[in-house]
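So the sequences go chain by chain: D and C.
Read left to right, the first sequence gives residues 1 to 250 (this note's numbering).
Read left to right, the second sequence gives residues 1001 to 1484 (this note's numbering).
A portion of the hints provided could be inaccurate.
Where chain C lies over chain D, by a calculated footprint (3+ residues, C-beta under 8 Å) [said to hold, decoys possible]:
1) 82-90
2) 215-225
Below, simulated DSSO-like cross-link-like pairs (lysine-lysine); rule was C-alpha separation at most 30 Å, straight line [to be verified]:
3) C:K1045 <-> D:K131
4) D:K141 <-> C:K1058
5) C:K1045 <-> C:K1201
6) D:K141 <-> C:K1349
7) C:K1045 <-> C:K1145
8) C:K1457 <-> D:K102
9) D:K141 <-> D:K124
10) D:K141 <-> D:K127
11) D:K141 <-> C:K1428
12) C:K1473 <-> D:K124
13) C:K1349 <-> C:K1201
14) C:K1114 <-> D:K124
15) D:K129 <-> C:K1457
16) C:K1457 <-> D:K124
17) C:K1457 <-> C:K1428
18) D:K141 <-> C:K1114
19) C:K1280 <-> C:K1144
20) C:K1280 <-> D:K102
21) D:K184 <-> D:K232
22) C:K1473 <-> C:K1113
23) C:K1349 <-> C:K1075
24) D:K127 <-> C:K1457
25) D:K102 <-> C:K1113
26) D:K114 <-> C:K1114
27) C:K1473 <-> D:K114
28) D:K127 <-> D:K153
29) D:K153 <-> C:K1428
30) C:K1473 <-> D:K153
31) D:K102 <-> C:K1428
32) C:K1170 <-> C:K1299
33) D:K102 <-> C:K1473
34) D:K184 <-> D:K127
35) D:K153 <-> C:K1170
36) D:K114 <-> C:K1113
37) C:K1360 <-> D:K141
38) D:K153 <-> D:K184
39) C:K1428 <-> D:K16
40) C:K1473 <-> D:K127
For the record, the hints were derived by calculation from the structure and aren't laboratory data.
Every residue, glycine too, gets a C-beta built ideally from N, C-alpha and C.
Listed below, chain by chain, are the residues.
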Amino acid sequence: MALIDIKDLHVSVQGKDILKGISLSIEAGEVHAIMGPNGTGKSTLSNIIAGRDGYDIKSGSVTYDGQDLLAMEPDVRARAGVFLAFQYPVEIPGVSTSAFLKSAINTKRRAEGKPEIDAMEFLKLVKAKNKALGIPDDMIKRPLNVGFSGGEKKRAEVLQMTLLEPRFAVLDETDSGLDIDALKVVSDGVNALRGATRAFLVITHYQRLLNYIVPDHVHVMAGGRIVKSGGKDLAHELEAEGYAKYLAAA
Amino acid sequence: MAASTQTAAAVREVEAYKYGFVTDIESDRAPKGLSEDIVRFISAKKNEPAWMLEWRLKAYRTWLTLADDEPAWAKLHYPKIDYQESYYYAAPKQKPKLNSLDEVDPQLLETYKKLGIPLQEQQILSGVAVDAVFDSVSVATTYKKKLQEMGVIFCPISEAVQTHPELVQKYLGSVVPVADNFFATLNSAVFTDGSFVYIPKGLRCPMELSTYFRINEKNTGQFERTLIIADEGSYVSYLEGCTAPQRDENQLHAAVVELIALDDAEIKYSTVQNWYPGDKDGKGGIYNFVTKRGACRGKNSKIMWTQVETGSAITWKYPSCILQGDNSVGEFYSVAITNNHQQADTGTKMIHLGKNTRSKIISKGISAGKSSNTYRGLVRIQGKADGARNYTQCDSLLIGHTCGAHTVPYIENRNPTAQTEHEATTSKISEDQLFYCLQRGMNTEEAVSLIVNGFCKEVLQTLPMEFAVEAQKLVAISLEGSVG
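Using the sequences provided together with the hints, build the complete structure.
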C-alpha cells in the first residue's frame, strides 16, 4: 500500500480551476520530485496535503497510510506525521525559535503518549541537529523567522523536519533563495532522514536541487496536471529542454 | 473589655440619634445606600480615630459635589449606576468550609489545573480545610515575623491606622487627593480595607510581598485602599491579585492605590486582575473603576507598574507616575485582554516634573469576541523637566472581526529639551501564523496561546517569575474559544 495516494484530485480557488485531475502515488522509502513552471498548482498541491483553508476540493481523494487525509484537521495530519517545509515560512514575533520547537516536539510527544521532553534533553538534541545543519546555536534564541535571511529560514524548516521526524514530508521550493553551500547542507539534512519508512515529495523549479537529493521519480506538472513522469533522468532532460513543450501540451 | 465590644457599646450610645437608621453595630451589614451616617458607621466599625473619620467625611462631602462629574470620557458603555442601591459595608464573610476538592465546582478545578496552581493552593482558594502539616498559613507567619525583624511594616491598612497613624496621616491621600476624581473620592469616603506597606531606609525587601500571603488574604471588599511607602534607598516588589478566577457579589469595585518612592527608592507593583468578566452574552461581571498612582517623590527614584488585565466586564484604570524627583523613572507595562462583551479603557499617565526624568510605556491590547479595548495615555512634560524623555509603544492585536481596538495617546510637552517617542501598531493574528503552528501539530488553542504570548512577551517578562508562568497560562485561558 502506498503511504500517500492521490486520486484524480480537482481543486479550484475562487471559481478558478487550479488542479485538474492529479493522481500520484508515493510508497514509503521513496522520494518523488515535482517540477514545473510557476502557476501550475505545485504549491496548491502542497497546501492541500497540509490542509490549508481556502481551497475548494471538487473531486478526488487523498489517502495517507490508509486514512482519508482530506477529512483530517491540519494539526491532526501533522501529528500523524505529515510535514510541510514552507516556501515562505511565517514570522512569529516574540516567540523564540527554541520555544516554538519545544512546543512542536511536545505536541507530537503527547500525541504519541510520551512524556514531554526535558530542557536538558531538548538542548542536547537541538545542538546536535544544529551542528549537522550548520545552524549557529544562538539562532534558536531569536524569535521564529523574524529577521532571518532566506537561507536561515529554510535551514530552520529543515531543522524542524529533522526534529519532528515526519513519515511524509513535502518540501515546497526549499531550494529557492539558497546559495550552493546552503543547498548542500539542507540536502544533507534531507538525505540523512531518508529511509525505508519515510517518503518525500520535493517541489522545485530547478534540477539543481535534485543533484543533491536524488529522486526515485520525477513528475512534470503543467496547467494543473501531471503531464509526464519518469526516473531521475527526466530532471536533466527538463534542465536541457525547458518546460515549453509541456506548457504547449497543457 | 475587648476593643470591639467597647466600640460596640460606644456606638450603641450615639446610634439612636446620630444614625438615621436603626441598626445593631454587631450586624455585619450596613443598610443599603450611602449617607454621612453610613460613613460614620464604617469608621465606627473600624474603631477609627477622629482624624480618620474627618478625612472620610470630607471625602464624602466632596463626593456629593461631584455628582455631575462621574467620568463619561472613557470609551465604555454601561447603564447608569445607582449609588444608593449598593451596600457600602459588609463584614468579610467566611466561605463555607468544604471537606475536600470533590465538593468544588469541577469547572473551577479545571481552570486551576490549567493555570498550574498547586493542589494545596487550590484547596485554600476554594475553601477546603487544609491539613495542618501543609498549612501555608504557618509559612506566612514565619515570613511575617522575618519582615517585622527587618523593620518592614506590612499589614491591613485598618491596622496601620491604629498602629502607625503618623505614617498614614502623612501619606494617605498625598498622591491621590480626596477630591481627585469621582471614584477615588467615593473610595476615600467608604474604603473598607487594603494593604499598608512601609519599607525602611536602605532596605531591599528580600521577598515579593504578598506572594506568600495572597492565598490567605481576607476578602477586602469592593473599595480597597492600598498605600505603599518606600523610604530612601529601599526597594520593594508588591504583587496584587491572583490568576485564579475571582467572583464577587458586588458589581461595583473602586479601589485606590497610592505609591510613594523617596530618594533612590524603587517600587515594583505587579497586578494580575481576573475578576468575573460576565457571561458570553455580557451579563453580569464586575465594574472595575480603579485609581492607581505613584509618586516618585525623591531623586533617582523609580516606580514600575506591570498589569495583566483579563477579567471584569468594565475596566477603567490608569496606573500613573508623577516624576517629581530629578532623574526619577516611571515605567508602565500592560497587557489588557478583552473577550466576549468585555470593555477595557486603560493606560497610564506619566507626569514629568523633575529634571532628566524618564518614562517608558509598553502597552499590549488584545481584543477578541465582541469586546472593546482602548489604550488611553497621557505623557505630560512640564516646563522645568529639562532633558525629560518618554518612550511609548502601543500594540493592539485583534482576533476575529467583531472586536475593536482604540489608541488614544495624549502628549503635552512644555519643555524644548525633552524628547518623546510614540510607536503604535495594530495587527491581526494572521491565518498564515495559525496555519503554520497547526502544521507543526499544535491545536488552535495552543497556537493562539503561543502567538499571543509572543505578542505580550515584553510585558509578561517583567512579572516576577512564578507569577509570569501563571500569567502566560491565564492569557491562553482568557482567549479560549476566540478562534475557529
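Against the structure, the hints come out as follows:
1. Coverage of the stretch 82-90 of chain D by chain C holds. Counting CB-CB distances below 8 Å, 5 residues qualify, and the rule asks for three or more.
2. Under a criterion of three residues with beta carbons nearer than 8 Å to beta carbons of chain C, the stated coverage of the stretch 215-225 of chain D fails, only 0 such residues being counted.
3. Straight-line distance between C-alpha atoms of C:K1045 and D:K131 comes to about 71 Å, which puts the hinted pair past the 30 Å bound.
4. Proximity of D:K141 to C:K1058 is assessed by CA-CA distance (about 57 Å); at most 30 Å being required, the pair is judged violated.
5. Among the hinted pairs, C:K1045 with C:K1201 is inconsistent with the structure: their alpha-carbon atoms are about 34 Å apart, more than 30 Å.
6. Only pairs whose Cα atoms come within 30 Å are accepted, and D:K141 paired with C:K1349 is rejected, the gap being roughly 34 Å.
7. A hinted pair counts as satisfied when its Cα atoms are at most 30 Å apart, and C:K1045 with C:K1145 qualifies at roughly 28 Å.
8. Restraint check for C:K1457 and D:K102: the C-alpha separation of about 17 Å stays at or below 30 Å, so the hint holds.
9. Distance restraint check for D:K141 and D:K124: the Cα-Cα separation of roughly 15 Å lies within the 30 Å cut-off, and the hinted pair is therefore satisfied.
10. Taken as a hint, the D:K141 and D:K127 pair is honoured in the structure, with Cα atoms around 12 Å apart against an allowance of 30 Å.
11. Taken as a hint, the D:K141 and C:K1428 pair is honoured in the structure, with Cα atoms around 24 Å apart against an allowance of 30 Å.
12. Distance restraint check for C:K1473 and D:K124: the Cα-Cα separation of roughly 27 Å lies within the 30 Å cut-off, and the hinted pair is therefore satisfied.
13. Taking the CA atoms of C:K1349 and C:K1201, the gap is about 28 Å. The hint holds against a cut of 30 Å.
14. Distance hint between C:K1114 and D:K124 is fulfilled; the C-alpha atoms sit about 29 Å from each other, no more than 30 Å.
15. Our distance criterion of 30 Å between C-alpha atoms is met by D:K129 and C:K1457, whose separation comes to about 27 Å.
16. Proximity of C:K1457 to D:K124 is assessed by CA-CA distance (about 25 Å); at most 30 Å being required, the pair is judged to hold.
17. Proposed proximity of C:K1457 and C:K1428 is supported: the alpha carbons are some 17 Å apart, at most 30 Å.
18. About 27 Å separates the Cα atoms of D:K141 and C:K1114, which keeps this hinted pair within 30 Å; it holds.
19. For the proposed pair C:K1280 and C:K1144, the alpha carbon gap of about 41 Å is over 30 Å, so the pair is violated.
20. With a CA separation close to 33 Å, the supplied pair C:K1280 and D:K102 exceeds the 30 Å bound.
21. Among the hinted pairs, D:K184 with D:K232 is consistent with the structure: their alpha-carbon atoms are about 18 Å apart, no more than 30 Å.
22. With a C-alpha separation of about 10 Å, the suggested pair C:K1473 and C:K1113 falls inside the 30 Å cut-off, and the hint holds.
23. Between C:K1349 and C:K1075 the CA atoms are separated by roughly 17 Å; this keeps the pair inside 30 Å, and the hint holds.
24. Restraint check: the Cα-Cα separation between D:K127 and C:K1457 comes to about 25 Å, which is no more than 30 Å; the hinted pair holds.
25. As the CA atoms of D:K102 and C:K1113 are separated by approximately 21 Å, the hinted pair is consistent with the 30 Å bound.
26. Only pairs whose Cα atoms come within 30 Å are accepted, and D:K114 paired with C:K1114 is accepted, the gap being roughly 20 Å.
27. At most 30 Å may separate the alpha-carbon atoms for a hinted pair to count; C:K1473 and D:K114 meet this at roughly 22 Å.
28. Under the criterion of a C-alpha separation no larger than 30 Å, the hint pairing D:K127 with D:K153 is consistent with the structure, at around 17 Å.
29. For the hint pairing D:K153 with C:K1428, the CA-to-CA distance comes to about 22 Å; that is within 30 Å, so the pair holds.
30. Distance restraint check for C:K1473 and D:K153: the Cα-Cα separation of roughly 29 Å lies within the 30 Å cut-off, and the hinted pair is therefore satisfied.
31. For the suggested pair D:K102 and C:K1428, the alpha carbons sit about 25 Å apart, so the restraint of at most 30 Å is met.
32. For a cut-off of 30 Å, the pair hint linking C:K1170 to C:K1299 stands: about 19 Å separates their Cα positions.
33. Between D:K102 and C:K1473 the alpha-carbon distance is near 16 Å, which keeps this suggested pair within the 30 Å criterion.
34. For the hint linking D:K184 to D:K127, the alpha-carbon distance of about 19 Å falls within 30 Å, and the restraint holds.
35. Restraint check for D:K153 and C:K1170: not satisfied, since their Cα atoms lie roughly 60 Å apart, outside the 30 Å limit.
36. At roughly 20 Å between alpha-carbon atoms, D:K114 and C:K1113 fall within 30 Å of each other, so this suggested pair holds.
37. Among the hinted pairs, C:K1360 with D:K141 is consistent with the structure: their alpha-carbon atoms are about 25 Å apart, no more than 30 Å.
38. For the hint linking D:K153 to D:K184, the alpha-carbon distance of about 15 Å falls within 30 Å, and the restraint holds.
39. The suggested pairing of C:K1428 with D:K16 holds, with an alpha-carbon distance near 28 Å, which does not exceed 30 Å.
40. With a C-alpha separation of about 28 Å, the suggested pair C:K1473 and D:K127 falls inside the 30 Å cut-off, and the hint holds.
When the structure is compared with the earlier hints, violations turn up for hints 2, 3, 4, 5, 6, 19, 20, 35 and for no others.
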